[in-house]
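K.L.:
Based on these hints, arrange chains L and Z on the given structure of chain F.
Spelled out from the first residue to the last, the chains are:
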Amino acid sequence: MDSRLYNKQEKRQDRQPVWKGNLKVEKFSSEYFRKLANDLKFDLSDEEIEALKKDFLAVEKQVELFDTIDTDGVEPMIYPFETPTVFLREDEIVDVLDQDDALSNAADVRMGHVHVPKVVK
Amino acid sequence: MSKYTPTIGIEIHCELKTNTKMFSSAPVAFGKKANTCTSAVDLGLPGTLPCLNKNAVRLAIKACTGLNCTIDPLVKFDRKNYYYSDLPKGFQITQQFHPIGKDGFVEIETEEGKKKIRIERIHMEEDTAKQFHKESGTYIDFNRAGTPLVEIVSKPDMHTAQEAAAYVEALRQILFYLNVSDVKMEEGSMRCDVNISLSDDPEKLGTKTEIKNLNSIANVQKAVAAEIERQSALLDEGQKVEQATRRYDEPTKTTVLMRKKEGNVDYKYFPEPNIFPIALDPAWIEEIQANMEELPQARKERMISQYKLSDYDAGLLVNDREKADFYEEAMKTARDAKKMANWVIGDISAWLNKNSVALAQSKLTPEAAAELVNVIHDGVISGKQGKEIFEEVMQGKMPREVIKEKGMEQVSDDSALLEMVNSVLDANPQSIEDYKNGKDRAIGFLVGQVMKASKGKANPKKTNEMIRTELTKR
Amino acid sequence: MDKTTIEQSAKRLSEVQPSLNAVVTFAELPDEISTQGKLAGIPVVLKDNIITNGLRTTASSGILDNYIPVYDSIVAKRLKEAGAVIMAKASMDELGMGGTNRNAFTGPVHNPYDLDRISGGSSGGSAVLVASKAVPLAIGTDTGDSIRKPAAFCGVVGFKPTYGRIPRYGIIPYASSLDTVGTFTRSVKDAALALEVLAGRDDHDMTSSYEEVGEYSELLNDDLKGKKIGILRTVSDEIKNPDIKAAFDQLVDDLKNAGAIVSDLEMDRKLLELIAPVYKTIANAEATANHSNLDGIRFGVRKPGESVEDVMTASRTEGFSSYVRARFVIGSYSLFEENQDRLFRKAQKIRRLISEAYARLFEDQDVVLTIAAPDVAPKIEETSEVRFGIDRFEEEHMQLANFTGYPSIVLPLGLSDGLPFGVELTARPFEEQKLLDTAAGVEKVIDFQGEPTL
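Chains as they are written, first to last, in the numbering used here: chain F, 3 to 123; chain L, 565 to 1038; chain Z, 794 to 1247.
Bear in mind the hints are in silico, worked out from the structure with no lab data behind them.
Do not rely on the hints blindly, as some may be mistaken.
As the list claims (entries may be wrong) - For lysine to aspartate or glutamate, the following DMTMM-like pairs were computed, each having C-alpha atoms within a straight-line distance of at most 25 Å: (1) L:K825 / Z:D1103; (2) Z:K1096 / F:D93; (3) F:K55 / Z:E1174.
If we strip away everything but chain F, and leave its shape as in the complex, we get (with noise of 0.2 Å):
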């Protein structure tokens, strides 16, 4: 353990915006897709955006469907079965990872720590 890395503790920083409510970009542009991928950290090409955009009035078809089904009064049903359940775990140590098999899988590892390109601020 380095005691260097605790000289200069994390000042708990604001998140990224994820996604901006006030979207400047046109709907369903190819703009718009891309901003929708990045924001799920990743990309699409151009032949991918085209591909969505289908994708995406199927979506729309969709939403004329769901719009044709009257759920005034109905609840979501979000899991299958909705009897409550009454079991809350007792506060024991039992499944404890040791630093090796908790870093195992991390490309890289840097003084007991999983190292990251520095986050941008």
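P.N.:
Same frame as chain F, but now just chains L and Z:
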């Protein structure tokens, strides 16, 4: 007074004092070796599922009760979705739609008297990992990931920096008294974000800014004051306040821009499908509430009646649970409640401050403090002598031990005193004569002589009695 | 359990691998083979979304190509404890998203009855390895019909028990409110035995059931006399393939002859037509969130980048196929605050309406029976991954059992041009014994004799 009315709302995140994480059975720990307190769940490894900690729910129920919230007995969780390197799953499990507590309040003391600050909601959620930013990159420690939190959101009911600080202090005390959280702001187990807006129209709210990550109550007050000043100056100049997230910069005593707000972030909240709603047993909730620790206000009232303390003294003690606990422990043997309080609030507190030591870390035991009060109360030593031995008592010695070492014991030993009394009587036949002639003040003179002979160690009360007895024999 | 030794299984697995392409990772075999436990010495294959401690688990996604878990799924643990030997991890549609098993990082899986045809998916690798007799038991997962569809296409028994019957801890998810662990076997009895081992509450999965686990295989009773079997005609009437139609009609007659009380059931077509869009909306939305942990930071294939954001973006772009990324975009879109009411929440409401209508079918029935799929497995090059078009409900109706969580089993019914097709039986929640009993009876009546050409 400014022509603008500030409106202040506060969000507080508090780590719950549990053994294990909110949704995994890995330990909650502070200051442990990096990445040694995690489970597959905390790392967001594929295939893992959340499993809710009973104790975290228990502590949340206590917080709700202490803050007068209505408890929702059907516990539900939701996902808050965003990508960030300190958020292993890519979503945080929180209670967006059904917080465990709502519609509470806390009472604070203001210059105008007591005031209720309403609490909008209390919800349970999980903490993120800790990141250390260095030139060579960012280092992530997942030990903190999944630590149970409650977030407590106030209504915008505060209007001054003092009120904001008093609210945070009141919350901190209640949560500390209830053993819900360590509430160590400097260690991050309690974190505070403040929203402030100014308006000259009582009907309308101004544009708000948020000050994040305030790490002490003093800084809450300073930051709010600075931000009110900043916004006032802007408005005075006819400028607009920009909606933004700011932080408090201690060296310059100002708030600094972190980032502007561009619309709202859509976190795509939806109900967590892996946790069915959990129906809390009403009997369990009642049991928790029935066994709750005494709250600060109730304790103060009890201490006033039990120890006959002044409102002021009781208040000073209760403000610091450690001192109140110490006081009450000492009162198991101390024979003077008022003097015991004076020592704790006065000399002991001053000494701790001067030496920057917490009461728990000091060598002073409640038993020693009680003995100090008792030896003075019983006349073993004088109050003045009490102050003389205080330093050594603070170093961990028992008062009687120090008294013995210093030879300070007042002479109450009968034979030694008798010897002294008789030699004084032998040397002062005139005073014996005077006494026999009805001049009672001769006794005073004789006691004084014995005190002098004993270099002040003679017990005056005992000396007085003994002189009278010996005089009848002559 | 169908007798296959570990040696036979290992040999057969490597023999069929070049033609079927069903295995992602072969497991190292243990030195000693257990003689204790209900599955002692039984070779099994696990779908590659089932976490195995120390054994690579990829969910057939590029981003997990190097992932070696440090814990065991409850399923893997229970299998090992019962003496089973894990032979290999089987190919699937990437992260369970697909119904063809073409969309796997290691390429398409081939149908053992005709290598030019799909296996069906997403549990295609598991299905074909049971069909080709490499193993008597394979574990799969079923979110829409991911066990039952490939079972129908490959002529094996595909069993999805009740939601929560088998704990999901250690299953790389697709859609949490629909995901169910299940089995592929060559007989109903084997499915019953496997369920005995796999079922039961585990606290790591808060949605797993406390319902008592029965001695399903021991108690198995194939007598159909007096069994109330409802035929979901609205679905079976859509069959166009004359072989399937004939076989199905024959089956209904045979069931009556075997003493079953058979009646016809209908369901509102309008609701049936909503199954696929409702399913996709819910599944894609849950999947988008479920797979947000796949970012290359703590595990998985990390691609280089200037910033942590770049690293995540590069890892996710290269780590997921186009198809999966498209579904994430669609899922995420339906979760936007401005869209939830008309998409995600609306779908959840319609899910309730569909589920209630489906539940009503069971009011006077022991099980509901219908056709599994209206046709045999299509040719690989003729299938394009259906992306988000309008679907035929007779193709998607098995998702009903996922909406409701009901236990559901597919049995091979016959062959059309040498290719298998199947029937589906469904029962009320946790009535696995009744479902398996009826299925055993139906299995006996059908007496399927299909053999893969491989």
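K.L.:
Now tell me if each hint is right for this structure.
P.N.:
Okay, the hints, checked on the actual structure:
Distance check on the hinted pair: K825 of chain L and D1103 of chain Z sit about 23 Å apart at the alpha-carbon level, within 25 Å; holds. For the proposed pair K1096 of chain Z and D93 of chain F, the alpha carbon gap of about 38 Å is over 25 Å, so the pair is violated. For the hint linking K55 of chain F to E1174 of chain Z, the alpha-carbon distance of about 24 Å falls within 25 Å, and the restraint holds.
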